[in-house]
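Asks: Spelled out, the chains give:
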Amino acid sequence: MNNVYKMNLRTLLFSCLSLSILSTLTAKVNFTRDIRPILSDKCFACHGPDENTRKAKLRLDIREDAIKDLSGSRAIVPGEPEASELVFRLHSKDKDELMPPSKTGKVLTTEQKKIIETWINEGAKYEEHWSFRPIASPTLPVKHSSSHHVDRFIEDSLNKEKLTLSPEADRITLLRRLYFDLIGISPTPKEAELFLKDSSQKAYEQLVDRLLGDERFGERMAVNWLDLVRFADTIGYHSDNFMEVSAYREYVINAFNENLPYDRFVIENIAGDLIPEASNRQKVASGYNRLLQTTQEGGAQPDEYVTIYQADRVRNFGNVWLAATTGCAQCHDHKYDPFTIKDFYSLAAFFADIKERPVGRRTPNLTFPTTEQESQLKELENRLAQAEKTVEERKKETDRKKKEMLSKLHDMVDKVAYAEPKSDSSADSERIFVEDAPPSDATLVEEWKIAQAPDPVFSGKKSIVREGVGNNQHFFWQSKSPYEIAKGEDEFFAYVFLDPIEPPKQVMLQFNDGTWEHRAYWGKSLIPYGKENTVGKVNMGPLPKTGEWIRLSVSAKKVGLKPKAKVNGIAFTQFDGKIFWDKIGVKSTRDPRNNPAFSLAKWTESIKSSKNFPADLVKVAKKSSKDRSDKDIKLLRRHFLAYVFPMVPEEIKKFRTDSKKLEGESTRSAQELKKARDAVANAKKGFRTMLVSQAGPPRMVKILPRGNWLDKSGEEVQPAIPEFMGKLETGDKIANRMDLAKWVVSKENPLTARAFVNRTWKLFFGYGLSRRMDDLGGQGEPPTHPELLDHLASEFRDGGWDVKSLIRNIVTSKAYRQDSLPRGNLAKDDPENRYYARQSRFRVDAEFVRDSALSISGLLVQKIGGKSVKPYQPAGYWQHLNFPARKWQAGKGDELYRRSLYTFVCRSFPHPAMVAFDAPSREECAAERPRSNIPQQALVLLNDPVFVEAAKSLAERLLKEGEATDTKRLEKIFSIALTRKPTKQEQIILLDHLAEQRKRYKEDEKSAIELLSTGAKPVDKSLHSSELAAWTSVSRAMLNLYETTGRF
Amino acid sequence: MDATTFINRRSFLNQATVGIGATALTSMLSANALSNPKVWPANLPPRAKLIGNPKAKRVIFLCMAGGPSHLETYDYKPKLKEMDGKPMPKSITEGQPIAQLMGKKNALKCLGPQHEFERYGKSGQFISNQFPKIGSIADDICIIRSMHTEQINHDPAHTYMNTGTQISGRPSMGSWTLYGLGADTENLPGFVVLTSVGGGQNQPIASRQWHSGFLPSKYQGVHFHSKGDPVLYLSNPKGVTAKDQRSLIDSVNKLNLMRNESLRDPEIATKVSQYEMAFRMQTSVPELMDVSKEPKHVLDLYGAKPGDGSFASNCILARRLAERGVRFIHLYHRGWDHHGGVKNAITGVAKRVDQGSAALIQDLKQRGMLNDTLVVWGGEFGRTPMAQGNGRDHHIKGFSIWMAGGGIKGGISYGNTDEFGYNAEENVVHVRDFHATMLHQLGIQSQLFTQKYQGLDFRLTGVDKEAHVLKDILA
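Protein chains in written order, with my numbering: chain R, 4 to 1051; chain D, -17 to 457.
Simulated from the structure, these hints should not be mistaken for laboratory data. If a hint is listed, it holds; no wrong ones were tucked in.
Think about it this way: if two alpha-carbon atoms lie no more than 27 Å apart in a straight line, the pair counts; the simulated DSS-like pairs of lysine-lysine are:
1) D:K220 <-> R:K895
2) R:K106 <-> D:K39
3) D:K434 <-> R:K831
4) R:K1002 <-> D:K225
5) D:K220 <-> R:K890
6) D:K447 <-> R:K58
Source: prediction; values computed, not measured.
Starting from the given sequences, assemble the full structure and let the hints guide the process.
Replies: Here's what the structure looks like:
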């Protein structure tokens, strides 16, 4: 084709075109709304920001370049469409000239072509992309029917389209809409009544405030937030193991409930750990940076995963906070937005300080108490301090007493005449373990209950009493001064008094010399210890007489205790009945001359290597007898007579009992202290743990050409924000995450407030003001109401980032309160509801479907926060997980009935009931959930045990809460599930169903019982199974209705 | 039936006709339209065009999970045998990503093929003698010996093979296919996943492999289990019979339609039809899963025991699903991750998959279904020619798969690796080329088959690189 011909053709073409344009288009073309989306979608891939893929050196995203003369032709000649190469190319019949090229599959409609021509005709004015412009504070449009700011913008645009707002929805619809939107659960009849009976002007506003103040508000808001930050309980890749991040969920819930300003929320998420003196809560918030998918797979290359993680973080950072698709610049400059590959890696550099193992287990790096645990700990620490104080005081007192006693002791002892024993027959000696008190130097197990007169006492003032059913016992062991068996004839004894009314069936003594295999018993053989006819279980004959003190005794030989064996404990065991025990000891047959209890010389010998005596005493004992001074001898003699030698005057014996008591006191003190300290330590063991951000020396970050981690040739970059958005002023300091976080919420950042407001709007209208929730950039959609978006965003940002106030503002508007029914031609004229001439209608999110069923049934356990829980899940659903293989263990009790946002999220296999209702898998940022309507949802509502159990509980509620007639009960069930009365026809359908099911279950009671066995909660046995089963069926119908979880 | 209920029922029926209204009717019509693969469904971008005369109506993908060694299956390397035990030339491995052998980079040694190869069929294709049954269908299959992928660890590699990218959250090929073509069944899901029981050391697989990503959930693969409920939540609650369930669904549908007279919400009409589909699934799925009614000669052909959940049984199920109009059937057989003892391991896994794989082809063929069913056999990557003890490590630069039926030439091989079996050298086939070819056989031009997400036109074959249809293997 020669040039002359080409020119002629152009002129010809345009004289025709211009006419048609002028006749069809009246409204002025708006670049942002009408032109940029076309250029971006159809042209920028080859003629946009990415230099590497730019064709013919032509760039259409910048006006200067677009109108530049490129070797003789100009793509755009402002005011002259017929001279613009661009227009020519759009219409060319030549395959090689046509734009966009046919192989891209991109085609412009006739209207799109026309509008581009008109735009060029009008001067081809460019505007900066709408979302990158500073947020404006548009003037309020004139007032129409409402003075509410939101309405003024909405009505202004409706007016231009010759549309009006719909009338206000009826009060029940409004009420249910608000409950679903603000707390994610339908109202109970009681909650409904509060509003429906209140006819005052303020009733609606008060309801809004009530719900914004309800703790369930935070739970509702958290659900969508957790989708954005891809919160899950497992690491995601390969073996998909557990990681502990549940505290982050709580943080989010609390942040919404406490109306934490969004700017602080942002800073705490991105850089909470870098806040000076960061609180645990702020550190937990910084767990945001750890929520990404990670791997433990053997053979995974750390370097590769470092790059995978940094890309994940940059993607999520852009998506969550800016609604920008920064991820596109991982391999090349962004094709549609001005993000460069350098921007991508400069953003990645902000996160290069986060300490983590690229491949391996995610071990929590923060331990902290919950509020509840914190107050518990405080209490326990107070108790410990109190115990320390008491013990200290007690010690002072005992020290004083000890001192006093000791001061008298020497006089008493020095008066005793002592001589070494002369013969071996002088006396059998006794060692008493128990008299009036348990041994003070041994560990006591089970209760040692002290009895005194008028109860039977054998000697001293007290005895020990035990009463029990079956096999029961008390014992001491680990004595610090064990008894060493001298001969087999050594005789252990214990005095017993068997209660004549409740005698035991068996009495047993057990001795420990390292093992307990030394037992003697009287009476029947019921106590299961030991093997009959061995020393481990020696039958001593029948039970002794009841009602009097009897000495039970057994020789060491008989129970297999050999000489030199050291007995450190005795157990007192009985089967049934009641026994008083007293004076327990051993009669030694040792030659007194060789017995350390009788011979000072032998005793001195025996303590040489003992650790249980004062050091000065042992030192003296170690000397050879000729080296001991008089003073030394006196020291040994005094101790021996004061504490060891049995044949001393009463006053010394009394001293011994008293000092034992004092020892008992200090043992008690030690035990009390230990208990208090253990309690504190145990409380700390139960603390929450969490994966949080911890900063370390930053990794070096390089640009990876084509995103290839093996290519180390790229330039090294420092942390920086995208170049086209400005520069962080940090002086000489390298910018860090805190600087990034502050920039996100700074006035200079036009995206943050717009992104948040846009997503918030969606929660209450079903669509965003800009409809692409994940992209405010060039490939997103320009807002339907740009001024309204800016108005809300600027108020939000300048008004202290007040989330609740933003929501209150939206839901109090007339636009929010209008009916959702498509009146007249609305369904046809505005099928996507872009002008908001009505409210939107949709099925509530997955979590709220289940939550509402639980609430309707009365099963819901309302409790904020805590670790993730495991409600019912089909068996075998996790069978394809490995390393290690694992099974879902359903929780118990309350855990089965918590709100669904607490359900454990396994990224490989998220809960199937949630998946059926479009809950995302939390692998990537999900700014929007699809709303599908699929058969799996029917299967879940019909057959998932939790919905069957909910129906059962609802039926139980109906039958138990009075309302005796079927009709009354139907009214009740409607008011619980749907907040309204049934119509006549609805009643007939359900009564039919009820009658049929009633008959069927009456004839087959067994099936009724089976149906009622679904779920962990047992049914009230007093209710008739067939009746309850029939009503369960009716309740199932209610839970399956679209209206039950439809938001209108 | 008394007079009141009669009138009631009748008036209900009248209302129902009005109540369902135009929307439901349209959706039913479009469901029929979907069943004809020559008509593009409405949900596709208007510019997308179906290539005339598609060859394949459905796909059965036999996924050999874990990374089958091409060197013991389809890639005969006599040179590697000579080099057994000798150092691997550094010129080949330098700068290459490897997985568990990373630490041993300086002492990489060749491991010769652990099994003998034989020529099978008239075409004389080289196949390992451990797979004689697959050998017997050598003339029906096209072996591609020059596959190349980009991910070296199991999980991302599966994700790559299934979605065309390593990043999670993108639709799998089954979802794309269903999205493009719909299903030919109203009783079963259009994309079904089966996993076989048994197979030794099992690498985990995740439901993300059959997820619909940013496509609507209805395009998600539905995992049929061989034990318990074949489809999650399929069985009625205890004490509820099919009749009870029917009666309940009737009541629910009546109430929904009645309410919809005033609410006028198309979602309600859709919900009613979904309850019908759910109910149909409750009978059609158990019927489908019951393989015991298959004649003995068929069971013998596959070597399957009804209800054992084996790969062979799943191959029969795959055929049954294909017969019933399911669009994409994805079978997973795990147990191919042979880091050690590759010789015996191959023998073991061959016993589990050889007969079933071959039987499926024969069975489809004898039923005249192989013509329009594309069968694919392959894993997420191959294995190194270098030894890891007496096994092999993950390998992405060259591996083998085969395709059969659905307009693919049988009895041919395509592409080659180098003499070590390391790099795909001749006619290199990237995963996206494989995807493009698969879609092409289904009548879809991959380049034009897009869905907008995060501002980009996403394709199964990737956003920004060209994918090539393997013209040479088309019949």
